[in-house]
Amino acid sequence: MDGNRRYAKKNNLEEGAGHRVGFLALMKMLKYCYELEVKYVTIYAFSIDNFKRRPEEVQSTMQLIQEKIEGLLEEESIVNRYGVRVYFTGNLELLSKPVKLAAKKAMNATANNSKAVLSICIAYTSTDEIVHAVEETCNKKRDEFRVLDTSGAGYGSIDVAVADVEKHMYMSVAPDPDIIIRTSGETRLSNFLLWQSASSILYSPGVLWPEIGFRHLVRVVWDFQRNFAYLEKKRKQS
426 MDGNRRYAKK NNLEEGAGHR VGFLALMKML KYCYELEVKY VTIYAFSIDN
476 FKRRPEEVQS TMQLIQEKIE GLLEEESIVN RYGVRVYFTG NLELLSKPVK
526 LAAKKAMNAT ANNSKAVLSI CIAYTSTDEI VHAVEETCNK KRDEFRVLDT
576 SGAGYGSIDV AVADVEKHMY MSVAPDPDII IRTSGETRLS NFLLWQSASS
626 ILYSPGVLWP EIGFRHLVRV VWDFQRNFAY LEKKRKQS
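In this note's numbering, the protein residues as written are 426 to 663.
Rather than coming from a laboratory, the hints here were simulated on the basis of the structure. Please note: incorrect hints may appear among the correct ones.
Calculated lysine-lysine pairs in the PhoX-like style (CA-CA distance at most 20 Å, straight line) [said to hold, decoys possible]: (1) Lys-493 x Lys-453; (2) Lys-464 x Lys-453; (3) Lys-529 x Lys-566; (4) Lys-566 x Lys-525; (5) Lys-540 x Lys-453; (6) Lys-565 x Lys-592; (7) Lys-493 x Lys-525; (8) Lys-540 x Lys-456; (9) Lys-522 x Lys-477.
Okay, the calculated beta carbon distance ranges per label pair [to be verified]: (10) Ser-629 x Arg-445: 46 to 52 Å; (11) Leu-614 x Lys-661: 21 to 27 Å; (12) Arg-644 x Asn-437: 28 to 34 Å; (13) Lys-522 x Arg-644: 18 to 24 Å; (14) Lys-658 x Glu-501: 39 to 45 Å; (15) Leu-498 x Arg-431: 28 to 34 Å.
Every value quoted in this text rests on a predicted model; they were computed, and no experiment measured them. All C-beta atoms, glycine included, are put in the ideal place defined by N, C-alpha and C.
Make the full structure from the sequences, and use the hints.
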């Protein structure tokens, strides 16, 4: 959801206002997705790299995130209206205690929702996710790796399959994305879903995130449908 800060600067808004307008754009786009019966939506809310920004900006963004997470628990919120289960994915230990508790509360409160899934990547980078998954896989298989042979003189070995690693990904809660949208004309993935995006349609509209609208969603869905047969063939070959 790229371009919130640039939107604020472009429109002479105070610092942080762009993120609030960006949140309204997110709610609008989620509504469109759920009306179109898109079951899985994943958003990149905050990168691990974003912690390197000015402390005042990081604190302000965290406060906004906490406020909006708590808003998800309100009875009339979009997740309750559309029966959406919420997951927060990433290295959640890097979050402040209030944000972490709010995230856990939201996940528990929506655990029985089953019509759609919203994954919120926070304190996330794809490289961190891959390292985490490899570490978890090795920990899980440690005993298997160290099985003594019958003579007790050596060690056996067990292969690690792709499926073993994928099982421990933060994003194992959702299938690989069909479409990835990054606004403001940027064509970089910026360490987002690198493992999962091999067969995804990439769409980079020139608008800043707060300016995104229904026509952009329709365009990329149409593009995906037009290329669906080809994409399915490529997935089966991989």
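Hint check: Lys-464 vs Lys-453, CA-CA at most 20 Å. Holds or violated? holds, 16 Å
Given the hint of 28 to 34 Å, check if Arg-644 and Asn-437 actually sit that far apart at their C-beta atoms. With a Cβ separation near 30 Å, Arg-644 and Asn-437 satisfy 28 to 34 Å, so the hint holds.
Below or equal to 20 Å on CA atoms is what counts here, so check Lys-540 against Lys-456. Holds: Lys-540 and Lys-456 sit about 13 Å apart, inside 20 Å.
What's the verdict on Lys-493 and Lys-453, does the C-alpha distance respect the 20 Å limit or exceed it? Holds: Lys-493 and Lys-453 sit about 14 Å apart, inside 20 Å.
With the threshold set at 20 Å, check whether the alpha-carbon distance from Lys-566 to Lys-525 stays at or below it. Outside the cut-off at roughly 29 Å; violated.
For the pair supplied as a hint, Lys-522 and Lys-477, confirm whether the alpha-carbon distance does not exceed 20 Å. Holds. Lys-522 to Lys-477 sits at ~19 Å (cutoff 20 Å).
Run the distance test for Lys-529 versus Lys-566: straight-line Cα separation, threshold 20 Å. violated, 28 Å
Are Lys-565 and Lys-592 close enough, with their CA atoms no more than 20 Å apart? holds, 11 Å
Range hint 39 to 45 Å: satisfied by the CB atoms of Lys-658 and Glu-501? holds, 43 Å
Beta-carbon spacing of Ser-629 to Arg-445 - inside the hinted bounds 46 to 52 Å or not: violated, 24 Å
Has the given pair, Lys-540 with Lys-453, been kept, meaning a C-alpha gap of at most 20 Å? holds, 18 Å
Do Leu-498 and Arg-431 keep their Cβ atoms within the hinted range of 28 to 34 Å? holds, 31 Å
In summary, the structure is inconsistent with hints 3, 4, 10 and 13 from the numbered list given earlier, while agreeing with the others.
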